[in-house]
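Residue numbers (the working numbering), protein chains in the order written: chain A, 2 to 379; chain B, 1387 to 1680.
Among the hints, a few may not be true.
For lysine-lysine, the following BS3-like pairs were computed, each having C-alpha atoms within a straight-line distance of at most 30 Å [to be verified]: (1) A:Lys371 x A:Lys305; (2) A:Lys110 x B:Lys1429; (3) B:Lys1619 x A:Lys110; (4) A:Lys139 x A:Lys172; (5) A:Lys371 x A:Lys330; (6) A:Lys224 x A:Lys290.
In case anyone wonders, no lab produced these hints; they're calculated from the structure.
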Amino acid sequence: MDIHEYQARERFRAAGIPVPPGRVVTTPKEAELAAEEYGGTVVIKAQVHSGGRGKAGGVRLAEDAAEARRYTSQILGMDINGFPVEKVLVTPAEDIDTEAYVGVLVDRKAQAATFVVSAEGGVDIEEVARTSPNSIRKLSIDPRYGMLPHQAYWLANFLYDPPKLVSQASKIITQLYDAFVGSGASMAEINPLITTPAGEVKAIDAKMSIDDSELFRRPDVAKMRDTSSEPLSETRAREAGLSYVKLDGDVGCCVNGAGLAMATMDLVKHYGGEPANFLDIGGSSNPDKVVAALEIITSDSNVKVILFNIFGGITRCDDVANGIIEAIKHIDVELPIVIRLTGTNEDLALQILEDAGLSACTSMDEVVEKAVELAGVA
Amino acid sequence: MAIFIDSDTKVVVQGITGRDGSFHTREMMAYGTRVVAGVTPGKGSQNFEGPNECTVPIFNGMDEAVSETGANTSVVYVPPAFAAGAILEAAEAGVELIVAITEGVPVLDMARAHAFARDRGVRVLGPNCPGLISPGKSKVGILPGQIVAEGPIGVVSRSGTLTYEAVFQLTTAGLGQTTCVGIGGDPLIGTNFISCLEAFEEDPETAAVVMIGEIGGTDEQEAAAYVKETMSKPVVGFIAGRTAPPGRRMGHAGAIISGSSGTAEEKIRVFEENGISVAIRPADIVGLLQGALA
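So that you can see chain B by itself, here it is in the shape it has in the complex (with noise of 0.2 Å):
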């Protein structure tokens, strides 16, 4: 098991054409993502060269992308402008589940997108995310497929890299993962993490998760109520800025400590109030992890 992607997921890939969108479409394919479609408006008809000799369909919209392939997922990566309107119309052709990997959405855009997705019952993973990848079956945006590894942990997080690092360690160490979930850096993202928190509770395969949190907000305050009231499984817990400067925006949007709220210290307290161990440093996830599964 795994949460939101498997190996049954199709995949349409909006933006297929563009140069990120071309690079991570053969990435996700390689890796053994079922792309069975992409969308460039304007370039219906053609194909997409995938590895291997594999090619994929191109259509013009997500209607026809959806109806003529049965695709339940989409992939976001339109340019900033284009990017809600992508959304949108992922939202009405009828995939579950749209994941924004685009970084620089205009705010009042996203809260439009998001309002429409949610009103279709359509999950929205960022924007400004690095996807996820269920280890082994499938990945769905950008995170390397190199340095995951099957196993009993989920991951979440609000950053890239720095979830490369966590995961990286953990396979590493010998701890693979069900499925590592980016939720993305913006202020307004469609899957915060107490989504995830509770998928990876009813996932029967995850023994345990790793929550990445940085500054900004207060979605990491809530998830450590969620997990105290809530969760059975172990959570292990970290966030990056307790040296950010109040009112500065730290590279993502929504990283920026308001007034005295969303800072480090703040979301450190919270989580250890709530019975989650914190790592200081990357480096003390895995043992944390190691101490909790024991």
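Just chain A, same shape as in the assembly (with noise of 0.2 Å):
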């Protein structure tokens, strides 16, 4: 889950990790009113869960109170990678020496949180890294240990020379992996890390993504969702317990398990079609799950064919060819709907379903040619 930049910037705050004040506005007069309180030249920023904010006008520095006004009402309703912006940040614009870079990420080799840290900030730490690795130092943190206080200074040592800005920046970096690791995070950023001419180090940005897996027991981060940064239909997804994504297609998916249901839609795509979503009901048959399903699929107007993709192992194919024809009673769907079962007792499952008028087969080719085609007339 991905929060929003003032929310990463509080929980760095409450760690400890000095963040510049900042109001979140959803008006342009509330954020005349908050550059006037914070008087000088001020910081609009977009708040959308999307990378390149600034390169698409969504960053902007606002000299006074009539500017901040005036920027506040271009950026709100601005359509950012995709994202809406219906929020902004009014921070006081920080008078900047040096930007540098301090980032800590779940790494899927090491096994561990792993800080990447470069005295080249404000920049796409992707791009640095492939283009000038020597200036880039990286560490693992075991997680039985923490973070060790000279691993935060061999960190922060690399940032900076002067040993007060070396002091602050390892303390930082401490408190960022405290923040990290007490939001239960996959990823958190400083991009960039300032120093003032006055020799402080501060964090002018915010970035942070949660592990989904935590949220369970972290209710005060679960709240930050923003879920109107989503199509409604994967929020109701996701309260169904459904793991589903939209797509831009016409070939509705509903398939059970992930790998099967990414295999269906490279499929789709195979035969000439689109794919609609990605939809895993999980692995049993129950019919609450497909009414489910089934509600979620046909909310997208694009969707011109609905198409079943079930793998029968412990739950037996004829369990789930009758969970499907109990659920198709419960919802008016007027869409065609083409099934594919195989596995255990697909036989059985394949007579169940003709025996209640649906169409169905054993072989996945066939059916996802078959709603390709039916897509392609509709």
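Build the complex: two chains, separate frames, hints provided.
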């Protein structure tokens, strides 16, 4: 789960990291008031779950309150990489001497939280890693010991020479690790970490993603979810316990298992169609889940055909077939439905579906070709 | 022969009295797996009723379960909040293999659990995996026993039902399996593709391997380099997620394209560069294998 910059700033601030004040507003008037209160130049920053905000014009420097109002009215309602801007952050502009990068994420290979720091901040770190790998220092943190003092110092020392800056940065790095672990994050980033002419080290940007598996035990973090930044169908799928990602095509896919669901989407594309979604209904034949899945798929007006691809393993195919029939009774679906079932008791399942007047087969290729064809003529 | 588990494997089920644990314990026992103990804190000294009037003793903790029964493998059906704790306990109790089925274990919990298990030389499979099955010998986890058959093919996959799909096609085509291993869809997993390929390479009964990967991470790419450098046996590959959009998690916590890394195109390209034949449709796996074995 991604959280907004202003929310990540709160987490950082709570961990002790020096973060300039800021106010989240939803109208130009509020932005003007906030800018008046701070006095001087402020930064107006679009709050969306997307990188590249600056490039898209979603970050502006406003020299006075009137300008803050004007820029806010331009930024609100802007579309940044598909995300509509509904909130902006107003924060006093800082005098900047240097910009560095400090980030931490779970590294798959090291199987640990891993820091990446660079004295070249304010830029795309993946780009820096590619073009000048020597300007990056990396360190994996052993989860059994946590961040050790000399490790934080080693990272900080790569960023700055003056001892006063090193000691501030070292503290910030330790605090970032605390915020990361304490929020159940999968990624946390300060980009840039600045130094000011007065010799202070500060975080003027904040980014954090949360491990979805942590949310059950962190209600304070879970409530930071902004459902306005996702399609309604995805919110409903999550509430129904389904794994769903909306896509742009017209073949609605309902599959058990994530890997098979991806393989099904790929096969739709292979046969010249476009999948409307990724949807994993999980391992059971529970009709309630099938009902929820059908409701979500049919709420997408692009969908022209519904494709079921079910592998019956432990759950037998005949049980799944009965589940589908039961579900269709409860929901009025006008779109054509094609079903593929394979695995244990598949012959019995096909008979059950045919008796109920539904078209079914056991070949994945056959059903996908048929779905693509139906989407084409619909 | 088979890899990781065979008919001598003695299994303790952690979370044996839960809904999933009890259901799959009966399935494992019906398949012929030697389930020797169960663990559910607070339910020690009770018995678990298996199929055919077989019973399994339940213990309060892993230490007792292992020392009383000589179990060498554990399977974890414990809910996410307690799963990492169950793995730590199993590693300390001295089993050789821990199969973690649970989905949704916090990643930072797993970072600790993997480090702890590594220190003790314990193999972890998963989490968020379907387990493994050596046809005719033993199954540990949730793979359906009806769809496999004994034979010379090793199967290793990050997925559940997509693995079943491929295995069912193999079985239907008369290509049985030595062992089918589901390594799990999480970002931090204990046993990766390379560990499985090493074991299949050493297993004299395995003649060829099917490797089923998906978007996210670089485990497949590293495995491909290993195949080229070290493996004498043919490997057929499949990668799911060619149509997955970047930055979105596709069901599995680990199935996400970050930036430009971890795409299906990249993995397919690296497979091909390293001599792995790639099936574009799941239905092509059987034909490629038959070609490789001919």
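Verification of the hints:
1. Under the criterion of a C-alpha separation no larger than 30 Å, the hint pairing Lys371 (chain A) with Lys305 (chain A) is consistent with the structure, at around 12 Å.
2. With a C-alpha separation of about 38 Å, the suggested pairing of Lys110 (chain A) with Lys1429 (chain B) is violated against the 30 Å cut-off.
3. Of the pairs offered as hints, the one joining Lys1619 (chain B) and Lys110 (chain A) holds, with about 26 Å between alpha carbons and a cut-off of 30 Å not exceeded.
4. Annotation: proposed proximity of Lys139 (chain A) to Lys172 (chain A) holds, straight-line Cα distance about 17 Å (limit 30 Å).
5. For the hint linking Lys371 (chain A) to Lys330 (chain A), the alpha-carbon distance of about 23 Å falls within 30 Å, and the restraint holds.
6. A C-alpha spacing of about 25 Å is found between Lys224 (chain A) and Lys290 (chain A), which places the hinted pair at or below 30 Å, so the restraint holds.
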